[in-house]
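Asker: The lines below spell out each chain.
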Amino acid sequence: MQIYLPIAEVSVNAFLLLGLGGMVGILSGMFGVGGGFLMTPLLFFIGIPPAVAVATEANQIVASSFSGVLAHFKRKTVDLRMGVVLLIGGLIGAALGVVLFNYLKAQGQVDLLVRLCYVVFLGVIGGLMFIESLNAIRKTAKGGAVPKRKKHNWIHKLPFKMRFRVSGLYISVIPPLLVGLCVGVLAAIMGVGGGFIMVPAMIYLLGMPTKVVVGTSLFQIIFVTAFTTMLHATTNYTVDVVLAVLLLLGGVIGAQIGTRIGVRMKAEQLRILLAMMVLAVCGKLAFDLLVMPSELFSLGAAGGH
Amino acid sequence: MRVLFAIILLLLPAAVSSEEVVLGLSQDEVAITTNFNGSEIFIFGAVKRESPIPDGELGVIVTIAGPSVPVTVRRKERRFGIWVNTDGVEIEAAPSYYAVATSAAFDEVLSIRENLRHKVSVPSMIQSIGTPTSVIDASAYVNALIRIREGSGNFQLLEGQVVVDSETLFRTRIELPAALTEGAYQTRIYLTREGEVISEYETSIDVHKVGLERWLYNLSREQPVIYGLMSLAIAIFAGWGASAAFSLLRN
Numbered sequence: 001m002q003i004y005l006p007i008a009e010v011s012v013n014a015f016l017l018l019g020l021g022g023m024v025g026i027l028s029g030m031f032g033v034g035g036g037f038l039m040t041p042l043l044f045f046i047g048i049p050p051a052v053a054v055a056t057e058a059n060q061i062v063a064s065s066f067s068g069v070l071a072h073f074k075r076k077t078v079d080l081r082m083g084v085v086l087l088i089g090g091l092i093g094a095a096l097g098v099v100l101f102n103y104l105k106a107q108g109q110v111d112l113l114v115r116l117c118y119v120v121f122l123g124v125i126g127g128l129m130f131i132e133s134l135n136a137i138r139k140t141a142k143g144g145a146v147p148k149r150k151k152h153n154w155i156h157k158l159p160f161k162m163r164f165r166v167s168g169l170y171i172s173v174i175p176p177l178l179v180g181l182c183v184g185v186l187a188a189i190m191g192v193g194g195g196f197i198m199v200p201a202m203i204y205l206l207g208m209p210t211k212v213v214v215g216t217s218l219f220q221i222i223f224v225t226a227f228t229t230m231l232h233a234t235t236n237y238t239v240d241v242v243l244a245v246l247l248l249l250g251g252v253i254g255a256q257i258g259t260r261i262g263v264r265m266k267a268e269q270l271r272i273l274l275a276m277m278v279l280a281v282c283g284k285l286a287f288d289l290l291v292m293p294s295e296l297f298s299l300g301a302a303g304g305h
Numbered sequence: 001m002r003v004l005f006a007i008i009l010l011l012l013p014a015a016v017s018s019e020e021v022v023l024g025l026s027q028d029e030v031a032i033t034t035n036f037n038g039s040e041i042f043i044f045g046a047v048k049r050e051s052p053i054p055d056g057e058l059g060v061i062v063t064i065a066g067p068s069v070p071v072t073v074r075r076k077e078r079r080f081g082i083w084v085n086t087d088g089v090e091i092e093a094a095p096s097y098y099a100v101a102t103s104a105a106f107d108e109v110l111s112i113r114e115n116l117r118h119k120v121s122v123p124s125m126i127q128s129i130g131t132p133t134s135v136i137d138a139s140a141y142v143n144a145l146i147r148i149r150e151g152s153g154n155f156q157l158l159e160g161q162v163v164v165d166s167e168t169l170f171r172t173r174i175e176l177p178a179a180l181t182e183g184a185y186q187t188r189i190y191l192t193r194e195g196e197v198i199s200e201y202e203t204s205i206d207v208h209k210v211g212l213e214r215w216l217y218n219l220s221r222e223q224p225v226i227y228g229l230m231s232l233a234i235a236i237f238a239g240w241g242a243s244a245a246f247s248l249l250r251n
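Top to bottom, those sequences are chains A and B. Mapping the first sequence onto this note's numbering, position 246 (from 1) lands on 246, and the numbers just tick up by one. Mapping the second sequence onto this note's numbering, position 230 (from 1) lands on 230, and the numbers just tick up by one.
The hints are simulated quantities; they were obtained by calculation from the structure and are not laboratory data. Heads up, the beta-carbon is just placed ideally off N, CA and C, and yes, glycines get one too. Among the hints, a few may not be true.
Quick look at which bits of chain A chain B covers, simulated, 3 or more residues with Cβ under 8 Å [claimed, not checked]: (1) 9 to 21; (2) 106 to 120; (3) 180 to 190; (4) 225 to 231.
Derived list of chain A stretches under chain B, where covered just means 3 residues or more per stretch with a C-beta under 8 Å from a C-beta of chain B [to be verified]: (5) 59 to 68; (6) 239 to 246.
Bound conformation, chain A alone (with noise of 0.2 Å):
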């Protein structure tokens, strides 16, 4: 069943969109992950113009995070005051994000720019992971110990320090501003969470618990997001909510699914065919940016102004 699309003005097979929003929830209900990552891409790979596949995987992150973060606030897992000093970053990285974009998109880099960053980072946390899963893979087979990570570092040498209670730290505000604004020109450029990024970064940087990453970041995402979905709706026009809604169905349904998967498979076997999948993506990304193109002009709409 073909559907025409308003806002990105083409005819898509509406199964194709509900089928790649259940295959990326079902990864991301396995992994954990948001899956705008993956899903971007994708979309680029099936003819959706890049600015409008950005523009509304920022609207249905929003959504798909949305549960998420109720479930974390009931079981009391969200550190609001990080989330906060995160989002106050997350917001001028955004704003910044999408200044940088709509410059790009008039000098006609816009394409180049979304998908090299796409290229860099995919390759950097495929590549992370895939050697972090094979050395656990190889500890367990030896059954070594697990290396325990220090407590104190250059972070907390830092001025402005601010005590999070739920996280039990006392640190400078400066690390986690910062973290939130990369992780907001992420989300405006890449039309992604940031959660990859993110996640990481509170705990090898901030030293957060872990039982509070996830809600806490969850609670960045969307309101960057959001705020982003609403920068690309007012500026660009390429948010297309039918684009969003149809992603969203197959991706609930998929991420329900996946979870159950995850559970019976062991950690580290899920961490290594991520990092194979998010190696793969990359590798057809820098695959296209290599070869030379069949065509080499494209068009565009004239001026951007």
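Got chain A; can you put chain B on it based on the hints?
Answerer: Just chain B now, kept in the frame of chain A:
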């Protein structure tokens, strides 16, 4: 597909030529609905004449042109090992859709001079003005535009697709792709003899989004803040609703 036999227009005998077009269209509007997947327009008509059939082969040309908008054509070049957009040429006016159907090979039906005068063929439809000085070969960009739009079915040259019966009746089918721009699609019919235009006729087909598609599109352009808030609300509600429904099913 609904086929509306909407109008059969009679041309007033104002022209001096002895042969004139009487035209029918299968539909004078195309509605882009949610499940819109392209459309086909059936154009038919007759040649009205008061004198005997003149000498020379009768040619019929039918063109449909979508609304013209400025387009930027960009070229990729290899920089630091990757392919990036470098130069761009802005083409002042290029139709988003253009189809030419003829009753025989294009250069048999229409002479070069008449083509330039009436701007019938695809390249003559596109006017390029104001190309940047850094770009030497502007025609390469125009050719690229034509090539890309031909590839996507937005530019079509349908030689010999107009069927002419006994020098009087003619008919053709022209396909409109799924990705259409809204607007008035100018439709022209030319009658030619020996490559010279002897009669022309113009009408337009209205292409527009209807229903939900139209409403969403207009809202996103006219009230972007409300549209953005609505998108967020709908998405949150749909996401929350779907997961609530799923957990109800499970229990």
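Asker: So, for every hint listed, does it hold in this structure?
Answerer: Quick rundown of the hints versus the structure:
As drawn, the stretch 9 to 21 of chain A meets chain B at 3 residues by the rule of a beta-carbon pair under 8 Å; at three or more, the given contact holds. Counting residues of the stretch 106 to 120 of chain A whose CB lies closer than 8 Å to any CB of chain B gives 5, so the stated coverage by that chain holds, three being the minimum. Residues of the stretch 180 to 190 of chain A with a Cβ under 8 Å from some Cβ of chain B number 0, which does not satisfy the need for three, so the listed coverage is violated. Counting residues of the stretch 225 to 231 of chain A whose CB lies closer than 8 Å to any CB of chain B gives 3, which reaches the minimum of 3, so the coverage claim holds.
A count of 7 residues in the stretch 59 to 68 of chain A with a Cβ less than 8 Å from any Cβ of chain B is obtained; the coverage claim is therefore met, three being the minimum. Proximity of the stretch 239 to 246 of chain A to chain B, defined as three or more residues with a beta carbon under 8 Å from a beta carbon of that chain, is established by the 5 residues found.
Going down the numbered hints, you'll see the structure goes against just number 3.
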